[in-house]
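Trainee: Using the sequences and the hints given, assemble the complete structure.
Its first residue numbered 1, the sequence shown is counted upward by one per residue in this note's numbering.
Some hints here could point you the wrong way.
[What the hints assert, rightly or not] Just the calculated beta-carbon pair ranges, DEER-fashion:
(1) A124 to R285: 42 to 48 angstroms
(2) D192 to G511: 38 to 44 angstroms
(3) R304 to H509: 36 to 42 angstroms
(4) P222 to E415: 26 to 32 angstroms
The set of hints was computed from the structure by calculation and includes no laboratory data.
The beta carbon of each residue, even a glycine, is placed where N, CA and C say it ideally should be.
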Amino acid sequence: MTAVGEIWVVDDDHSIRWVLERALVRAGFGVRTFAQVDEVLAALAVSEPAVLVSDIRMPGASGIELLYQVRQRRPTLPVIIMTAYSDLDSAVSAFQAGAFEYLPKPFDLMQAVALVQRAAQGRAEAARGAASARPSGRGAGAGAHSDPERGAKAQATQSPQAGARMSDAGLLGQAPAMQAVYRAIGRLARSDATVLLTGQSGTGKERVARALHQHSVRAERPFVAINMAAIPRDLMESELFGHERGAFTGAQTLRRGRFEQAEGGTLFLDEIGDMPAEMQTRLLRVLSEGHFYRVGGNQPVKSRVRVIAATHQDLEARVAQGLFRDDLFHRLNVIRLRLPPLAERVEDIPLLAEHFLAESAASLGVEPKQLGADALRVLCAFDWPGNVRQLENVCQWLTVMTAAHVVTMADLPPEMLPSRGAAATARPVTEAASVAAPQASGTPAVPTDAADQEEGHRQSADPEGWCEVLAKLARQQLEDPQARDLLTPLQASFERTLIEAALEATGGHRGEAARRLGLGRNTLARKIRDLGID
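Mentor: Listed below in structure tokens is the structure:
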């Protein structure tokens, strides 16, 4: 049997194998690497690692196929699935196949090593527990994958478009906050637990509810959604539970309510915080007893639905205020999943905007608009109080109202522009929102002569000195009446200079350079690539 501390790494990319091997060896592990699934399966016939780390997509058999094979041959072996395809379907596939964890790449090496350490430690503890509870020394202990690691936070550094796909439920995004949502959906795929979705309006709660349904064992059954805030109080009981013929004036036929319509499937109760007190009592009874009565009926109707509830309100505060039943809250709050506002996933804005612009253009039968660098910077700096829904609406507006193919800052809705009163809803451009367009091929760098450089060195001690140099360079460029699109090369040159200086000051240590510049490591890596910095 292979030593307890050995880790196997499977990836057709040699650089990934090399980087992981070096990091794991430094952490004290023995490491064995493989380029193909067939090699791993052959090795598993005679030995077994402490943890297996595998890419998801490789020539020949995939990492998911390997995972199924491992579950059959070595059921207690924790498998970590790596993927450059940071979407919902990849995450769900990995967890449905029994993955210990799902790791989008490129990833932070320290976090990847910590994840492997936790997987190895969890398996070792499970093995010790099984041994102590097994007097005869025979049998198999529970695998580490039965207690999935929940703390890893992978950081994607690829461009927004790389490996990104819209799920069938309409979910799109690669930000760490969305990866946490994908993980939760993947882990809940085999569960029938009641889920409470929380988050601001417009964050996509119904889309997540649909994803939970589509990836559950109830996927072939109905998904029925109802918004509690949109139903008049006197009609809510009939809407939910239906009514018998003659139950009240106008009830000329039997009507099946939403619980019956969703039989065997999923019932999504949106804005549950707006449900009246009397309806809360009836809902609690259905959840507790598993049956209900139609309005005017005296025969119980069985309820075999999974309930997913959602709210933008603080239900715990409403419980404290006596506006929401405490016992119903705990019935609904079996699994709570918070959806991030768009302000917490700014790196997804370019990807989402591109998708919504394409979607809007397709509905009108026109070519999709493209966002210019200045317009994209404004979108990324905006606060988006309406979240993803508001971004989708803006993209529809741009598709209809913008004449040119490329959207500029001047084409944006007036309320989004800083000069038009957007100060109340705009925030400074942070590292996540800083979107630098790569320098166009053939675009000359901003010219600087020796005198300019010397002046810059002399004035570097003055916080405003570099502004004077930049202003001088800008004036030189603007003297040319044929000058166009100066912002992109000037900005690229400015950022390239800052990044190169930071890398030089930190001895090439990207993590420290990112910290000093106020950037995330993923943002710095993207800029280094886009700006062509060696």
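Trainee: Take the hints in turn and mark each one as holding or not.
Mentor: Here's how the hints hold up against the structure:
1. A124 to R285: 42 to 48 angstroms: Hint holds: Cβ distance 47 angstroms, inside 42 to 48 angstroms.
2. D192 to G511: 38 to 44 angstroms: 43 angstroms, holds
3. R304 to H509: 36 to 42 angstroms: About 58 angstroms separates the Cβ atoms of R304 and H509, which means 36 to 42 angstroms is violated.
4. P222 to E415: 26 to 32 angstroms: 40 angstroms, violated
In summary, the numbered hints that this structure violates are 3, 4.
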